[in-house]
Each structure stands twice: as structure tokens, then as C-alpha cells.
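Engineer: For chain Z, the structure is supplied; the task is to place chain Y with the ligand on it using the hints.
Which chain is which? The protein sequence lines are Z and Y, in order. Add 21 to the 1-based position in the first sequence for our numbering, that's all there is to it. Add 12 to the 1-based position in the second sequence for our numbering, that's all there is to it.
It should be emphasised that the hints constitute simulated quantities derived from the structure, not laboratory data. Quick caveat, the model's predicted, so the values are computed rather than measured. Yeah, the Cβ is synthetic: ideal placement off N, Cα and C, and Gly gets one too. There may be inaccurate statements among the hints.
List time: in silico PhoX-like cross-link candidates among lysine-lysine, alpha-carbon distance up to 20 Å [what the hints assert, rightly or not]:
{"id": "1", "chain 1": "Z", "residue 1": "LYS219", "chain 2": "Y", "residue 2": "LYS137"}
{"id": "2", "chain 1": "Y", "residue 1": "LYS131", "chain 2": "Y", "residue 2": "LYS28"}
{"id": "3", "chain 1": "Y", "residue 1": "LYS52", "chain 2": "Y", "residue 2": "LYS91"}
{"id": "4", "chain 1": "Z", "residue 1": "LYS209", "chain 2": "Z", "residue 2": "LYS180"}
{"id": "5", "chain 1": "Y", "residue 1": "LYS148", "chain 2": "Z", "residue 2": "LYS180"}
{"id": "6", "chain 1": "Y", "residue 1": "LYS28", "chain 2": "Y", "residue 2": "LYS58"}
{"id": "7", "chain 1": "Z", "residue 1": "LYS42", "chain 2": "Z", "residue 2": "LYS165"}
{"id": "8", "chain 1": "Y", "residue 1": "LYS148", "chain 2": "Y", "residue 2": "LYS131"}
{"id": "9", "chain 1": "Z", "residue 1": "LYS101", "chain 2": "Z", "residue 2": "LYS60"}
{"id": "10", "chain 1": "Z", "residue 1": "LYS215", "chain 2": "Y", "residue 2": "LYS58"}
{"id": "11", "chain 1": "Y", "residue 1": "LYS98", "chain 2": "Y", "residue 2": "LYS58"}
{"id": "12", "chain 1": "Z", "residue 1": "LYS215", "chain 2": "Y", "residue 2": "LYS137"}
Label-pair ranges, simulated between beta-carbon atoms [said to hold, decoys possible]:
{"id": "13", "chain 1": "Z", "residue 1": "GLU95", "chain 2": "Y", "residue 2": "HIS100", "range": "48 to 54 Å"}
{"id": "14", "chain 1": "Z", "residue 1": "ARG167", "chain 2": "Y", "residue 2": "ASP74", "range": "47 to 53 Å"}
{"id": "15", "chain 1": "Z", "residue 1": "TYR115", "chain 2": "Y", "residue 2": "GLU139", "range": "36 to 42 Å"}
{"id": "16", "chain 1": "Z", "residue 1": "ASN49", "chain 2": "Y", "residue 2": "LYS148", "range": "43 to 49 Å"}
{"id": "17", "chain 1": "Y", "residue 1": "GLU139", "chain 2": "Z", "residue 2": "TYR82", "range": "53 to 59 Å"}
{"id": "18", "chain 1": "Y", "residue 1": "LYS91", "chain 2": "Z", "residue 2": "TYR115", "range": "52 to 58 Å"}
{"id": "19", "chain 1": "Z", "residue 1": "PRO69", "chain 2": "Y", "residue 2": "TYR99", "range": "16 to 22 Å"}
{"id": "20", "chain 1": "Y", "residue 1": "ASP134", "chain 2": "Z", "residue 2": "GLN247", "range": "52 to 58 Å"}
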Amino acid sequence: MRHITAISDLSVQEIDALIMKARDIMANPGRYQEACRHKKLATLFYEPSTRTRLSFEAAMYELGGQVLGFSQAEASSAAKGESVADTIRTISCYADLIAMRHHKEGAPTVAAHYATVPVINAGDGGHNHPTQTLTDLLTIQMEKGRLGNMTVGLCGDLKFGRTVHSLIEAMCRYPGVRFVLISPEELKVPSYVKIPLKQGQVPYEQTTDLQSVMPRLDILYMTRVQRERFFNEDDYIRLKDSYILTPAKLELAKPDLSVMHPLPRVNEIALAIDQDPRATYFKQTLYGKYIRMALILMLLEVQA
Amino acid sequence: MNIDSINNGIVIDHIKAGQAMQIYDFLNLGALDCPVAIIKNAVSNKMGRKDIIKIDSVLDVDLNALGYIDPAITINLIKDGERVRKYHPELPATITNIIRCRNPRCITSIEQELPHVFKLTDREKDEYRCLYCESKAGK
Ligand SMILES: [Zn+2]
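In isolation and in its complexed conformation, chain Z is listed as follows:
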């Protein structure tokens, strides 16, 4: 039995196998529709995240399994002060697999310690969210046909954006990847995130200007620049438009660029771009379901 609390819990080979499995599920959904019959997934969402929870639940239903759980802490025994350990001991008696989201960092590690069934971290505060990273990797593989040999632009809040940090960590492991880190000075990638870049001698550059690097990108991963990240309103107003993707900026891009976003978006991608074939962010959601199906099969050790 194993748990997935961080993307680093999976080797490159295992990630490749999950991607292969997800593609096989997409190609042959009928072969998998009974794969998890009589199996139950518990979705324990101490913090609401409808998008992620529905993705896990849809994944389990499509495998013929069943789902139980709660969608916010108020609806759980945590509201009565029960510890994560005790809740997990209880749920382990009911479910074959647990997907857990918690607002506190490291809660899924605690859960993994006490669970007698596999635990998947479905997001622990600003810390880890491995299935988001798997989703991003499957999306890149599907859109580009490869995971190496490309220039990946990451744009927006690169300081607090955990999805960006784990994507860098995961993509560093593939050959020929170059990163372009596009953010305001205030929201640059923290130095500890650059450690894998330096250790793997992965080329990267930092810039504050999206427009100038646009023609070189194969992937543009957008994130939200939030008002509350700035010390003063003036800085926010001055900077926010630089990190909004508009049709004019997209004009400069390669015809086969993929624009990605972990969603939900607010205004950082203009609505007009939704029609552009380079907009990949809604497809990302669909890929998210398939990679979760592949992960569920792996952790339940189901041969299908």
C-alpha cells in the first residue's frame, strides 16, 4: 500500500505509466467502466474545493466505483474537534481509498500515517497538490506529444503559486526543458524552488515582460495575480495588466502554443481567447479526470 502526498512520491517511470494508463482509458473507456466495482473512494474535503472534489468523484464513478465523504469541515466530525488521526482511522474502515483536502499543510501526511488504506493529497493549503501536477503533465503530453524539449513559460504569481512550484519540480526531470519565469519583481519564484533548476542545470530566465518572450514559448502556464499579494494598491494597478493574456499578446505567439491555467481564472486570460485553438485550460479539466482515474487504479492495484 502506498500514499501520494507530493509529486516527488512518484518516479518519472511511474508518472509515464500513469500517463500511458490515462491515454488508454481515454481510448477505451468501456474497458474500465467496471474496474473499481464494489470499491469506495472517500473524499474528505476539510476545505471546500468543488472543482477538485468533483474531478475525483467523477473519476471514481467512471471506474464503476462509489464515493462517500464530506465537502467541508463543518459537515464532518472535525467540527466537533476530532483529530485527523481519529477521522482517518474511522474512514479507513469504510473506504478503500482516501482523497483528502485540508487547509493546513501536512495534514495528508498525518492521514497517511494512520490510514490503513491509500491516501491521496488533494491539496494541503499552499503546500502540495500532486494531482494538479499530474493533470498538467498529462495535458502537456497530450497537447505537445512529448514532455521534454520545449520552452515552458510560467506567468503571474510565481511566489505563492504552488502549482507552478510543483510543475517546475516535475518538468525539471525531463530532458531539454527550458523555463521562462514571467512575474512582477514582488512575485518572483522563491530561491528554494530554483534548487532543482540549478542542480539539474536546467536553463531558465526571469523576466517581468510577457510580451517580449511570447514568440519563444511552447507552453504558457498562466496563474492569477491576486490583489492581496501586494503591499499597496498602486503597485497592483500598475502591474496587473502586464500579466493579463490578451488577443494582442497572443498574436505574437507560436501557432502551436498551449495556454494552460489551473483554474479558476478571474481576469488573467481575456474571454476572447477561449475561442482560440491554443486555449488548453478547459481541456485540462477533462485530462484531470483521466489522470485521477489512472492514479486510483494504481493505488487500488486494479489490473484492467
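Structural biologist: Just chain Y with the ligand now, kept in the frame of chain Z:
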């Protein structure tokens, strides 16, 4: 107790001057009823000044945990008046309930009964991180 010689016990030597009380507290020596001597600001050829702790008893504690405080200290085990072993403590792979995670976003901030466990993540840099949230330990 003769400060210079003990029969069966431990001499913790080469403690940075001024750090003896921290180690005294860390090992909870206040709870012992055997003789314990703290020598402060002893003259040292190597260090200029150093502290020494002598404990006239065989302690059942993991002295390697001292490696977290300062791996340069020397531990001497004394048996029947003779020094039988002299070594530096190793950096422990994990330390439990010795330091607390100070990250307010960590699960330990709301679950009081969880042990505070830190893992050695970089031996060269003497770096420990919280088992749960991976925050660096602050000394
Ligand atoms: Zn912590």
C-alpha cells in the same frame, strides 16, 4: 563529588562557552538526583573558552540528539574511572518533540497532540525540515 574525576558516567566536553545550560535543559538534567557538575568558561587550547558538563551516572538518553545542538561537542563515556569511549554526536536523522514547528499554516498548529517531528534533509547544511509542512527548522 570530585569535579575532576567521576567513576561511571558521562563527560560532555567542548561545549561552546555559554551553551551548557541549554544542554542541561535539553537533556533534562534538572530531573536527575545524581551529582551533575557544570563547568563554565573553562580554558581550552582549541576553543579559548568552553563549557563542560559532568554527570556521575549512566544515563539512558540518546546523546546523539545533542548533535542537533552542536555536532562539535565531545562525549566521553567513563566506566570505573576510565574513559572507555570518546566520540562526537552524529546529526540525528529525525528529532522528535525537541523543537516545535513555527509555521502557522502547519497541521501541528491546530492538532496539539501531534508529535513535532523534524527530518534531516541536508547533512552538509545541518538542515532539518518539519515532517508535515517541510518548513525549515529555525535554531
Ligand atoms: Zn510544520
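Engineer: So, for every hint listed, does it hold in this structure?
Structural biologist: Do the hints match the structure? See the list:
Proposed proximity of LYS219 (chain Z) and LYS137 (chain Y) is supported: the alpha carbons are some 17 Å apart, at most 20 Å. Between the alpha carbons of LYS131 (chain Y) and LYS28 (chain Y) the distance comes to roughly 24 Å, so the proposed pair goes past 20 Å and is violated. A distance of roughly 24 Å separates the Cα atoms of LYS52 (chain Y) and LYS91 (chain Y); the hinted pair therefore is violated under the 20 Å criterion. With a C-alpha separation of about 5 Å, the suggested pair LYS209 (chain Z) and LYS180 (chain Z) falls inside the 20 Å cut-off, and the hint holds.
Restraint check: the Cα-Cα separation between LYS148 (chain Y) and LYS180 (chain Z) comes to about 17 Å, which is no more than 20 Å; the hinted pair holds. With a C-alpha separation of about 11 Å, the suggested pair LYS28 (chain Y) and LYS58 (chain Y) falls inside the 20 Å cut-off, and the hint holds. Between the alpha carbons of LYS42 (chain Z) and LYS165 (chain Z) the distance comes to roughly 18 Å, so the proposed pair stays at or under 20 Å and holds. Restraint check for LYS148 (chain Y) and LYS131 (chain Y): the C-alpha separation of about 10 Å stays at or below 20 Å, so the hint holds.
As the CA atoms of LYS101 (chain Z) and LYS60 (chain Z) are separated by approximately 28 Å, the hinted pair breaks the 20 Å bound. At roughly 39 Å between alpha-carbon atoms, LYS215 (chain Z) and LYS58 (chain Y) are farther apart than 20 Å, so this suggested pair is violated. Pair hint LYS98 (chain Y) plus LYS58 (chain Y) holds up; C-alpha atoms about 17 Å apart against a cutoff of 20 Å. This hinted pair checks out: LYS215 (chain Z) and LYS137 (chain Y) have alpha carbons roughly 17 Å apart, not beyond 20 Å.
Under the hint 48 to 54 Å, the C-beta atoms of GLU95 (chain Z) and HIS100 (chain Y), about 53 Å apart, fit the expected range. For the pair ARG167 (chain Z) and ASP74 (chain Y), the beta carbons lie near 50 Å from each other, so the given range of 47 to 53 Å is met. For TYR115 (chain Z) and GLU139 (chain Y), the Cβ-Cβ distance of about 40 Å falls inside the hinted range of 36 to 42 Å, so the restraint holds. For the hinted restraint 43 to 49 Å between ASN49 (chain Z) and LYS148 (chain Y), the CB-CB distance of approximately 47 Å keeps it satisfied.
With their beta carbons about 44 Å apart, GLU139 (chain Y) and TYR82 (chain Z) fall outside the hinted range of 53 to 59 Å. The hinted range of 52 to 58 Å is satisfied by LYS91 (chain Y) and TYR115 (chain Z), whose Cβ atoms lie roughly 56 Å apart. Distance hint for PRO69 (chain Z) and TYR99 (chain Y): a CB-CB separation of about 54 Å, inconsistent with the stated range 16 to 22 Å. For the hinted restraint 52 to 58 Å between ASP134 (chain Y) and GLN247 (chain Z), the CB-CB distance of approximately 32 Å leaves it violated.
When held up to the earlier numbered hints, the structure conflicts with 2, 3, 9, 10, 17, 19 and 20 and fits the remainder.
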